[in-house]
Structures are given as structure tokens and as C-alpha cells.
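Asker: Dock chains B, C and D against the given chain A, drawing on the hints supplied.
Chains as they are written, first to last, in this note's numbering: chain A, 509 to 875; chain B, 509 to 875; chain C, 509 to 875; chain D, 509 to 875.
Keep in mind the hints are simulated off the structure, nothing from the lab. It is possible that part of the hints are untrue.
Copies of the same chain look alike in the list, so a pair counts if it fits in one copy or across any two.
Calculated cross-link-like contacts (lysine-lysine; reagent style DSS-like; alpha-carbon spacing at most 27 Å) [what the hints assert, rightly or not]:
1. K678 <-> K767
2. K513 <-> K808
3. K513 <-> K560
4. K557 <-> K685
5. K849 <-> K685
4 protein chains.
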Amino acid sequence: MPRTKLNVAMIGSGFIANVHSNAFRQVGHFFDVPYDVCCKVICGRDRAKLEKTASRWGWDELETDWQKVVTRSDIDAVDIAVPNALHAAIAIAAAEAGKIVLCEKPLASSLEEAERMTRAVQRIPNAVWFNYRRVPAVVLAKQLITEGRIGETFHYRALYLNQSGNNPSKGNTWRYKRSEAGMGAAGDLLSHSLDLALYLNGAVTELCAMMHTFAANRDVDDATMVMARFANGSIGTFEASRYGVGCQNRNAFEVNGSKGMLSFTLEEMNQLGFYDATEPGRLQGGRRVSVTELEHPYGKNFWKPGHVLGYEHPFIATFADFLNSIGGQEAFHTNFEDALKVQRLLHAVERSSASRGWVSVGERVAA
Amino acid sequence: MPRTKLNVAMIGSGFIANVHSNAFRQVGHFFDVPYDVCCKVICGRDRAKLEKTASRWGWDELETDWQKVVTRSDIDAVDIAVPNALHAAIAIAAAEAGKIVLCEKPLASSLEEAERMTRAVQRIPNAVWFNYRRVPAVVLAKQLITEGRIGETFHYRALYLNQSGNNPSKGNTWRYKRSEAGMGAAGDLLSHSLDLALYLNGAVTELCAMMHTFAANRDVDDATMVMARFANGSIGTFEASRYGVGCQNRNAFEVNGSKGMLSFTLEEMNQLGFYDATEPGRLQGGRRVSVTELEHPYGKNFWKPGHVLGYEHPFIATFADFLNSIGGQEAFHTNFEDALKVQRLLHAVERSSASRGWVSVGERVAA
Amino acid sequence: MPRTKLNVAMIGSGFIANVHSNAFRQVGHFFDVPYDVCCKVICGRDRAKLEKTASRWGWDELETDWQKVVTRSDIDAVDIAVPNALHAAIAIAAAEAGKIVLCEKPLASSLEEAERMTRAVQRIPNAVWFNYRRVPAVVLAKQLITEGRIGETFHYRALYLNQSGNNPSKGNTWRYKRSEAGMGAAGDLLSHSLDLALYLNGAVTELCAMMHTFAANRDVDDATMVMARFANGSIGTFEASRYGVGCQNRNAFEVNGSKGMLSFTLEEMNQLGFYDATEPGRLQGGRRVSVTELEHPYGKNFWKPGHVLGYEHPFIATFADFLNSIGGQEAFHTNFEDALKVQRLLHAVERSSASRGWVSVGERVAA
Amino acid sequence: MPRTKLNVAMIGSGFIANVHSNAFRQVGHFFDVPYDVCCKVICGRDRAKLEKTASRWGWDELETDWQKVVTRSDIDAVDIAVPNALHAAIAIAAAEAGKIVLCEKPLASSLEEAERMTRAVQRIPNAVWFNYRRVPAVVLAKQLITEGRIGETFHYRALYLNQSGNNPSKGNTWRYKRSEAGMGAAGDLLSHSLDLALYLNGAVTELCAMMHTFAANRDVDDATMVMARFANGSIGTFEASRYGVGCQNRNAFEVNGSKGMLSFTLEEMNQLGFYDATEPGRLQGGRRVSVTELEHPYGKNFWKPGHVLGYEHPFIATFADFLNSIGGQEAFHTNFEDALKVQRLLHAVERSSASRGWVSVGERVAA
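Just chain A, same shape as in the assembly:
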């Protein structure tokens, strides 16, 4: 079948723009998708970085004004890979110009922005790069939960720890400023954990959180802790920190259910921990499933059994699934609507931390 050309514009040229570029380049190598993805134009403010990223990944054109880019008639899709506070303006402008919109997580730097953005893309294919939903081991966890293999959920437990913030003198990038990032560890790290929790364990009804800043000179949280109640009756804890010295990228979760336990950590990205409590007691034990078999999620797309995937593969799978969803009946997830739910939780985290008590998650910000 002939494939339609899809002209993509990238707004941003930093680390994550490189990761997205790789997904654009690699998607056709591993997945059957109905589009030929063309890396048409990349847009950024730092000229040297822009040229380097453009040259490395073969972007056809360079641009410095995103407003010009998002309205170009030859652009089909706009990918947003800039600091959080800039997401809303770009996404809304691109949506108004009728472009497909992809946005890096977290969706926005405030709930109000996120709500506006979500309304703006209502009739447009849209996606948010919550990449960890496409880790094969995470998808397998979802399958096992859906199949009832761990039964009724009792506990959900998530950590996202790195040591990026430990040196207070280094943290003067946008990620450490409220005006650009909105939040600190909460937006950066906790948002991933919350998205996975929503995916794997469903809605959170109420929560109690504490946001904490260790470094004197910062106005965003260095670490955030959360206790939560889920709609399914289970209870959960979350902890995200940039002061998790000893942890490079520990994005981990565990679920205890009536019939078993699941556990995952990004540090062993290709494995899922599974404890089957329905087996004879004599044989029960936590097993490590190497999620690289052909019958595993994305097992036929990448390499062979026992041939592990790296950080970038879930981005490729995210993009492939998104491309295949366009024009179809089934919505792609994580879309803006899903990411708005995460933003609502982040907002509740802020409210709870300020009020030093439990808050209900359901309340909407007045439109």
C-alpha cells in the first residue's frame, strides 16, 4: 500500500527533541505505519543547538519563530518539545491551524492551560509523549491486571527518583523555575508515575501530598510525596525526587493484588516482576519475566527474544501507535484528555500540599 507523506515540524531542539527525532526516523524501520514521516522543519531559539540537532537528524529546514511554523500550509503535524510553560500557546495555535499536535509531557505548566489545550485539540489527532506506557513490560503489566491475574488491587506504590537536583548550584535551567516549568519533580517525574497509575490502576479519588524544596534558591519542588485513594478501593503511595542520590533513573511501581504482585523498575526496563499467589505455596516466588519474547507487546517489532530494548524504543512504539490510530475508531492514548487527568492530579497535589490535608481530585477549575 502506498503511504501518505506526513510533514512534521518540531518545535524545540534539546534532549527530548533528539529523542522524538529518533522516533520519526526509526518508526518505519520497525512498524507498518500508513505514513512516510518527513522531518520538514525544526524550530528553536538557540541557533547552535538548533543546527546541531537539525544536522544530526536530517531536518530539512531550520526556523526560529514557531508562530511561522505552525501555520505553514505544508506542515501536517507539530511536535512540541520545549519548556512546559510554552506548550499551551504553541499547541493551541497549531490546533487552530488544524495541525495534528504531539506534545511532550507534562501537558502544561498549569491546570488552566491544560484545560484550554485539551479543548483546543478536541477535533484534531493529538498525543502526549508519556512514553513509559509503551515499555513492553508495562504493557504486559496492564494485560495481566486486565486479565485478573493479580485479582483485586490492594496497593499501588510508585517511585521516581533521580539525583539530578542534588547539586543546588547546577540547577539554574528552566526545569528549576516555576515560571517556565510550573512544577519541579512533580511535573518532571511524578507526572510519569501518575500517568502509569491511571493506566494501570484507574482513577484517583482523593490524595494527600507534600511538596518539598531542599535547595534554598528554588521556587519549585525538589521532591513530592503523595498518599492516594483509588476509585477501585486500593490505596497508594507516590514519591518523586531529584534528590534521590544513588538512583539514576528509578521509575518504579509495584501493585499488590489479592492474587499476586507486579513490579517494575526502569533500571531493568526489559523485565517485569510477577508473583503469582495462586500457585502452590511451595513454588511461589517473584519471577522476572524478560519481556522480549515474540508474544510480548511489541515483541515482533523489534529484535529477538533476549535481545533487549533501550530508552528510545517506547518512543518509537508511541509514535507508531499514534500514526496507526489517526482516522481510526479507537482513540490513541495518552492523548491530551488523558494528560489533562494527570494535570488534574498534579493540581490536587499542589492544593493538598498547600492545605496540609486530603483533597478530592474531582473538582474542576472554573472554566
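Answerer: Then chains B, C and D, alone, in the frame of chain A:
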């Protein structure tokens, strides 16, 4: 040197009475202690169980009325291994009779009892069996923290998960009844985590907790979650549950500091995880120290390097350290005073859970 | 039931004599056995060490001449815990005096001695302390193999590595002298691996070995490597070394069979690794069974689920099983006959290493 | 700087041709290389597979006759990704046509072929895809050994186990036929282990091996075991098997040296195990270094600290290093000369297995 005879009376004949009995039998085999410990009399209500425990461990006499036992002139020390709600009466009576008192944890079934007990033993050698303080790996963690090897503490994180409560129909023993246990997972499991936190990371100033009961027919918590602030500026999370399906006895903690990380889990009792963030980045990595070397805590008391210890050895070490402390200048820890601090935290947990918000730990119950 | 008194004499007062003493003291605390074990007399050449061991474990009498001991009419059992080259004389004398004989492994310092010893005890209850056969995880492995859970065996793979010999200047004890030990790493470490292989995988038909000495001043092997064929058609590798720097006590084995895999390492003594290849591919993974459940081997004898055992517990279980076997229909294993098979393999290892080729195991030394 | 165009021809269209194609596509995205790599022509016998691979990776032209391809004047480099027995003819023809030659491992199906091939490429840039030399953790191991961090080597120990051959009925591809593969597990798996051993521990002087076939209908080895002596005085063991049930892709090695230990397994590809025996005994422990830091090998080429690599990245690094070596002073490794050394070891393995004894490795096959 000739050793003094120490006549011990045991109140209780269940699982933990067996563990204590083993400590009494073994202490002289591994430690130089100034006493010859005599297992004089064991006291219990269930005759069959009493006889079995007595015969197994060679207790000289059997008794069913603890009040007779604690006042016997030939008894030097009373060891309390009965349900929590019975601790106070026995401990106070024994103290009033001038006996050395050892008590199983948690100290009491209420803060009020714990305070009375602590006052009662003020002039008497006393100990509480918070056994995990004597796991060699835990002592090594304490040493490393004290030496400043992980620097300033940022995060303290503790779990104590087992699956004992998962079957609601089974839980009709005293541990699941408020009138006998006082609390559920909090008293049973969280108390251990809190004691270790006090030992390793110092005082907690305020906390926010949620106690949750999954089983319809129970009046104690099946699980308890806590967020905490420590006096040293660090923040912490705690989770204790009897619904931790997949975890047999996961008593674990982690500490992130400015210079490194420590981690421990009882499932690998003979190892301490240590990440030294002061090493060259290229060589940094979490190491597993097998805490069985001669230079390790209790390394000269038990076997050889690489020859692992089991569940009972920390009890033996606890008892040895206690015996050696009697009559000395330095207080033994964990004593009633220490265990009272744990009880105060448990009380704060209850208050916080009821009020759905943060509570200060310092407040005393009116005398 | 009233228990018969069993007067034991210990020949030896070093590390392993302490371990045996502990088994004598503890056996009645955990097992129902038909004997009251009395630590009657302990015999050694180093007076200070002898007194220390005797006092620590409560041996009634001290003796320095083993020949007097083994013929004493009030002694029922003789336990041999001295350097290998002394085993034969003591065991044979004790057997001739009609005593029950227990002997530390390896059985002897030569095959010829082992054969004489085995003949001597033919009508007498006898045991060799191959303690690792009673590690619960090892017994579980045996059960799973016997039940066919890993199918037909393809590979058996064993390591026993420690770092005891790394410092050549330190190694001047009997363990490093051919005249006292017979062999080095082979007798000390490999013998354990071979005994477990015979237990778990059956007879070895032929082997090819290389014994190697790193230290210039030694006449025993520092390390020994073996390739082997088993009677069941599987093939195996063995490696034992005192130069295994980084390994404190790594006694490990793995078995690959047509239906699964088993793995064990003494460093995680309470766990058995099990990979069930009959499960759906999607769920296959190596699991770690914590072998502490009530339904596990010795699970009802020691503590509770999740409450781990240490180095000494398999010795206690060994002694309990031996006591219960006396006078019964079923032979106790590992007995002298079994240990002779290990000695035959060790002898084959020496022959193969000398001849630099494969040797058949079956050949007997001429009587 | 302008980059020279490099027209590549691929001979082969199976799994490994896909992996190489990925390296060709990705090399410029992660590395500065002096060439623009053009995927010019791909050649294969199975038309359907050829078309699929060509279309997936964007090869410009398809061809079915390799002889036409290797002499085309517009081709600069020939990459060989076909069954082992076809390597020699293609490599020699390509070399004679003056092409750069890259060849999948093992170099050949016999030592005689390997020697002819090596002579043929003597004046031509050449490479063999022993990809595991470019795993960052393996390169770090090499650096640490070179720096003397583990001191003098005592033991080298390697495993390469998968379960690909367990089902005898499935194994009718070229990999199970002597005429096409030359060897079985030895060529397929052991060759990798031997290459890493040569890289990390230097030359092997003599070895003793056993090749074994479990499946009745095969004429290549299903498993091969080796004992070896290295020129540096250390001794080693190797085991490779397609009957390693429970192991998907366990390519592992360990090195014990006088100052420490290194360990690696492909199942945790992003980590290196390091035990530093020069630290105070109290702090010694095996550490897991996550080899993803900027200062690690290839750390600046791929993602960020804690963002793991997958199976394909070492291929990309191999190709990048090769491209950068062309025309330079320093030889690229692993080249044909290096791969010939592996082949010489494989030949010694065959000789030893046939003669059931030790063989010297040095002997050359008569020219």
C-alpha cells in the same frame, strides 16, 4: 570469671516466646556475658502450647498465673511475650517487684499504657525486643551514617509488607482485634520501621498518616501509610501492610543523603546496599556488602565471613548487649524510653489518620 | 516418649567443632529426636582452643588423647572434626570400638583411606557432614527434579568460590598442606559441589579436570576445574577456587533441563531459583522461591514464613535426620558410602589432572 | 566538514542483515563520522525476505547474485550477513575487487577459510561484527583491567547460554548443519565469549574442550565446554549451549583478579559488576555500575545517564568506530586478524574434543 546466675521467667508460650527462649539458650554460646541464664519458669494460658514450648526449650517449671510468677523471689528477670494489651499490667507488676523487665514490641496497646510502663521501670534494667536494631547490616548502616558517609540526609523511606492478612477469614487471632493488639499493621509492622527510623535518622517532628482496613470484619488497620518530617530536615515515607501479597517479610528501608545511599531489606538480611556518591562517577554503583566479615558488627561472635545469619541471631545479640549493659554506665537501647518514642509516633499516626491532616509528634498525653 | 541418652565425644576444637557443637545443643530445640544428646567429652591438641570451645558449648570433660576417648565405654558416638589426614585413624578406631561415627567432610585425604574407613563402619551408624544437602532450598531442588519438573537434565553447572587463598603468605595452615589435607580447593570446596551433584543429578561416569596452584609455596591445588559426563546423559562443569576474589562463599549450582532450570547460591541460602519452561512463553521467567514456607523442607522445624535461616541450620537438620535414622530401615545420607563416592570423584580429578585427559570414574583402587 | 559518500552493499537479508541495516541508518545520528552511508544495494536469495528487508530499511536496489554486487564499481563496502560457509567466497571476491569488507561473526566455517580470508583483506579496511566488544559495560571492564584495578588475573569464566536448540524438531535451519555453519553452539555462541576473552584477558595458550550434541539428528555441537590456560597465567572456563533452558541470551563473563572482580551478563547489558578488593573489608561488596554516565564509553553518543541502551547500540558503535578508523594509523578491532584468532581457538576446541585431551593453541594449519 565466675558468672552470676540469672533466673528468667517467661510470660507467654507462642512463636515469639520460642524465639526469646532460643536467645536465652544461645547467648552464652556466642557472647561473653556476665550471667548464667537459667530458664526457670514459663507461664501461659494454653496448657498444651505451654508444655510443648517448655519441653522444647527446657524450662524448669510451668505456671499459668503470671501474677504469681512476677513476684517470686527466685526470679531475677521477667520476659513478656504475650498480646500487646497485656504488656502493661505484667511489666508494671514485675517492675514493682523489682525485676529486670524485657518486653516484646510494640511496648503497649496505647500511648497511655506505654507512658505508665516507662515510668514504672525507671530504676530497673529494661529492654524492648526491637530485634532489627541488631541485624549486622542495620548496625553497619548506623555506623556509616554516623561517620557521615552518606552526608546530610534527604530522604528516608521504609516498607514493611507481608501477606499475613490477605485472607480475611483467617484473621481472627488477637493480632486482628483492637482490644488485644491496640493496632493492626501499625503496631505489628510499622513499629519496627519507626524504631529503625529513630535509630538511623533521628526524631520525627510531624507526620501525616492514613490507616486503612480492607477486611470488613476487623477493627484494626490492615495497612498504614505515613509521610513524615524529621528533625534533621529530611522527609520520609512509611508503608506497612498485611495485604502486601507477594512479600513474605519485606522489612526494608532506604536513605538518600548528599553523599550516598543506603538500602536494606530483611529478605536479604545479611547484606547492606551502599551507594557511594563520592567516588568517581565512572565507578559509582550500588554495592551489596555481605555483612559477615570479622570487622562487621557481631562479626566475631557468630560464624565466618560469608557464613550467613538467620532470623534468630539479632535476638541473641539483643539479649547479649542487654546483659552486658546491666549495671553499666551506658543505657541499653531499645529500652522502654525508646519504645515509648515509637508509641508516641504510633499515637500521632492514629491522630493524623483520624483528622486527615498533619499532626505534630511532640505533644504528650496528659499525665 | 522417654529419650535415650546419647553420649557424644568430639575430636577437634576448631571452627567446625563449634558448628557441630551448636548442632548438638540445638537439635532438640527444633526437632523431635529419640535421643538426649550429651556433650560428654571434647578432645584436642591446642589446650587454649580446647578450653575455650569446651567452655563455650558446655562440654563436660576435656581430653587431649583421642585414642583414650574413642574406646571409652561411656561414649556412644564419636564426631570427627580434625584435619582430613587424621580422619581415617580415628574413624576406624571408633568403629572398631563399636561407636556411632560422624565425620566432617571430605571423608579422607586419599581414596585408599576412604575405602578403608567405609569398610570399617559397615555395621555402624555413620554420617558425613555434607551439610549443604540439608539446605531447604537444596532439598526443594531435589524434590522438583525427582517430580520431573525440569524434565530431562542437559546441563549441571557448579561453582564453589571463595577468596581464602588469595594471600599466599597467610596460607600456612593445615588446609594448604598435602600431608594434612590431601588436597586443596578440591577437597575443601569441590567436594561439596560433587556431593550435591551426586545428590541432585546422579552418578558421574567420566571427567576431565585441571588442578592448578597459583601460590609458589604450596603443594595443594588453589583451584580445580572439571568437565564431566553424568550417567543420565547430561554434561557438567565444576569450578572450585580459593582465588575467587570477590566471592566470600559462593557455593552455587544450576541445572538446565528440558522443562526448566534450577539455580542456587549459598549467598542467598534461603532462596531457590526456578524457571518453569512449561508455562506460557509470555509468563516465563526465573523466579526466586523463598524456601521458608511451612510446606518447604524443614519449614515446620524452624521459624515462620519469611524468617530466614543461617549457616548453622542445615547442620542441625543433618544431625536430626541422622539421629532419627538410627536403627531404622532407611539409610541416612550422606553416609560414608556416599562420601566415598565423592572421594572416588576427587581421585578421578587427580588422575585426570595428572594425565591431562578424560578418565573413567568407575575404576576402583585395588583393595 | 563535508562527508564522503560511502555506498554499501549488503549480502544477506535475514535477522542480522536487519541489525546491520539499522547501524547504517543510525550511525550518523549518534556519531561524527566522515562518511555519508548510502544503503545502495541489498542482495539475497529469498525474494520475499529480501523485499521486506529492503523496503523496511530503504535499500535502493535489490539483487540476487552476490557476485555481480561485489564487483560493481559504485560499491565502496560489502557487508556479509549470510551463513558462515558463504563468508569466505564473498569476502575474498570483495577484497579482490578492492572493496572495504565487513563480515558477520564467526569469520568462517573453518580455520582454513579464515586464514585465506585474512590474507585476502590484508591491504583493505576490514571488520568483523563482534558487537559485544562495544557494549559500554564491556569497554569499561577493559579499561578497569588495563588500569590494573583488578590486579593480576586468576580466573576468567564465561557462559553463553540460550535455549534455541532445545526443541530438536525445530532446528533444521542452516545453523544446525555442519555444511553451512561449520559448528553449532561453538561458532554461534562460544565465538563471542572467546573474542571477549581475547579482548579482556589476552591470548589462550592451551585448552581442553568437549563438544556435545544432544539432538540425534544434528551434526554440529549443541553445547561446548572448555577449560583454558591464558598466556598471563590465569585459567579459565567456557560453556556455550543452545540447551540452556531458562536462559534467553545469557552472554556472561567474570574475572577474578588479585585486587578485585568484574562481572557482566548481557541480560543486564547496561551494568557492570565490580568488586573492589582494595577497599576496607567492611565496605567491600559487589557493586553494579550503571554504565550510562557521560564519562562512560559512548556515554556522550547516546542518551542521558540512566537512559539505557538496547541490543542494537553496540552495532552502531562498532560501525562508527570502524568508519573513523579508515585511513587512520590505528587498526580497527575486531578485524579479520582478530577474528582469525577466535577461529584458531575454535579449531583447537574441535581438535581437543576429538582427541579428548589438552591441545596447544599456537599451531597453524599448513598453508
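Asker: With reference to the structure, classify each hint as holding or not holding.
Answerer: Right, here's what the structure says about each hint:
1. With identical chains, the CA atoms of K678 and K767 are at most 27 Å apart between copies only, with a shortest distance of 16 Å across copies and 46 Å within one.
2. Proximity of K513 to K808 under the C-alpha cut-off of 27 Å is restricted to the intra-copy arrangement: shortest distance 25 Å within a copy versus 33 Å between copies.
3. In this assembly of identical chains, the alpha carbons of K513 and K560 lie at most 27 Å apart whether taken from the same copy (25 Å) or from different copies (20 Å).
4. When the C-alpha separation of K557 and K685 is checked against a cutoff of 27 Å, the pair qualifies only within one copy, where the shortest distance is 21 Å, while the shortest distance between copies is 53 Å.
5. For the identical chains of this complex, K849 and K685 are intra-copy neighbours only, at 23 Å inside a copy versus 40 Å across copies, given an alpha-carbon limit of 27 Å.
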